[in-house]
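Which chain is which? The protein sequence lines are A and B, in order. Heads up: take any position in the first sequence, counting from 1, add 1, and you land on my numbering. Heads up: take any position in the second sequence, counting from 1, add 332, and you land on my numbering.
Don't read these hints as lab results, they were simulated from the structure. We put the beta carbon where it would ideally sit given N, CA and C, even for glycine. Hints should not be assumed to be uniformly reliable.
As the list claims (entries may be wrong) - Distance windows between CB atoms, simulated:
1. A/GLU102 x B/GLY551: 19 to 27 Å
2. A/ASP12 x B/ILE510: 40 to 48 Å
3. B/GLY369 x A/GLU102: 38 to 46 Å
4. A/SER52 x B/LYS414: 44 to 52 Å
5. B/LYS522 x A/GLY33: 26 to 34 Å
6. B/ALA408 x A/ALA109: 43 to 51 Å
7. B/VAL541 x A/ASP12: 23 to 31 Å
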Amino acid sequence: MTATVIELDQDGPAAILRISGDITSASEADLGAAYGLAVANGAKAVILDFSKLEYMNSGGIGLLVTLLVRAQRGGGRLVATGLSDHYRQIFELTRLDEAIEIIDDEGAAVVAATA
Amino acid sequence: MVETRKAGPVTADAPNKRSDANWAKPVDRLSAAGVAGARDDAVTGKRVSGPLQGFGQLWQKSFTVRLDGVDTTPEAVIATWKAHFPEFWPKGQRFYAPLSGIAPGEVALLEIEPVPGAPVRLSTGVLVLYADEESFTFMTPEGHTLSAWITFSARRDGGVVVAEAQALERPSDPFDDIAYKLGGNRQNNKFWEATLRNLAIMVGVPTPVVDIHVTCIDGNRQWRYWSNVRNSATLRSARRTMTSPIRWITRRG
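The shape of chain B in the complex, shown without the other chains:
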């Protein structure tokens, strides 16, 4: 039996939107050689680890903000987002962009304060998996607290441009899963809500409102990925924090 269904209007092709070059090239192990400024590189030598390779439940999260009253285009919003990406992050969180900017295949390094005032800062990163004129997507490496893809996009909804961050994420290992349940999930939501709000303010929305939708796509844990803990950025960063006095003394000696 054959049935045919159609979806969506046919629109003129925009070459930049439909190029194979919008995707990162295949890579076995990541390299952060093109990134300056970060205190630690916990990404070089790691593989990517997406929502299929995480331990915890699978969540889909969508953070959207309508850019009411702003005369702009989706392409302009994404260009701004790419160019100023670290500036939209809440205070205390650091994004070290690759020197060539947010482009397919580039790797960025992150320093994350898991909770405000925490003595340990997590060092991890992301791969730019995909980027075109209206969206870009990051994929996490082994060791990140989340095994995830997150897509930043802008589109027209009627006469208004809407910016969105949409994530598909699983806590990476059992410890990350516990932390996620104990407040990490909520912190993560606040992080992206603040990021979207900061973006909207920069493009000219005085009092932006961020809509959040969170859905559990898969309530099962993937126990076969319990061993992701061996790459844990959390444990690595904790070790580095505890041994930093020793390393300081060693450097001076």
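In isolation and in its complexed conformation, chain A is listed as follows:
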């Protein structure tokens, strides 16, 4: 397993969580903490950048559901960018794409997230 690394890029109401390595159920604490920090710093929309994701298992997908619920409860939005074709298909298969918008271009994702 490759360690999860999450970098937070924030500019006002939009925050980007740049995810690299693996996302599994073991990533819960760090993903949650990074999200919490973004929201504490005023983010209304959080963009999950998966461009450096190496692997995600079903535990990782489950984390995205709980993160999504947390965002919705706080009136925020989640947007996904940088998904490979494989993980875009996983989002479609699990119907996660019905709740988390997927936008390939990061700039466009920031615009959409803060619209």
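Knowing the structure of chain A, use the given hints to seat chain B on it.
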């Protein structure tokens, strides 16, 4: 502002654990063509329906059992679980595995007795969404009483292997939600507790203890999914039960 956080140790990659082939291929509608033995197929033609597409509150449930005193590995426990999956289910509940076994993309059919002695047996199924050497995950189809993912896994905790079933679930429609509140939730917990206990006994734990943790992740109901009732396995199975004498007569005629 950029901050970097790291989590977890870096361990050697195990190829089987990190393969795209561990995931089911994209599918629009499910097919249970590879399943034999079930009396009814309520899954073919249905879409998957996960915890984001259910009506009721969202619950996260974790059932864990420590395999104390057993010399085994997480991989061996999962191999046993996959190979003997139906045998761990409580009496009265049936799991019809696909002929090729529990593997990504396969569909299994279920016959569930909602309460012991109930005259109606629910026919539904699951898609094997994900499977690797240490875990496998099912996703429910439209019509199942729950819109859910459930992951079966094994891991090392110190010197002991721990087996776990973890579910993210919502009752699928308003009727399922009522049934869930009126005892379905409790029945569901007993089901998985018994399953974990049976697994532990098979691998050699004489008196296993199952720990249960249940958390409401989202207390809101998703009213836009009230129409899930049109696919309800409960109503379908009730209709089939009521019309079975007519179908029997028709077949004989």
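Verification of the supplied hints:
1. A/GLU102 x B/GLY551: 19 to 27 Å: 24 Å, holds
2. A/ASP12 x B/ILE510: 40 to 48 Å: 46 Å, holds
3. B/GLY369 x A/GLU102: 38 to 46 Å: 42 Å, holds
4. A/SER52 x B/LYS414: 44 to 52 Å: 34 Å, violated
5. B/LYS522 x A/GLY33: 26 to 34 Å: 30 Å, holds
6. B/ALA408 x A/ALA109: 43 to 51 Å: 48 Å, holds
7. B/VAL541 x A/ASP12: 23 to 31 Å: Since B/VAL541 and A/ASP12 have Cβ atoms about 50 Å apart, the given range 23 to 31 Å is violated.
Checked against the numbered hints given earlier, the structure breaks hints 4, 7 and satisfies all the rest.
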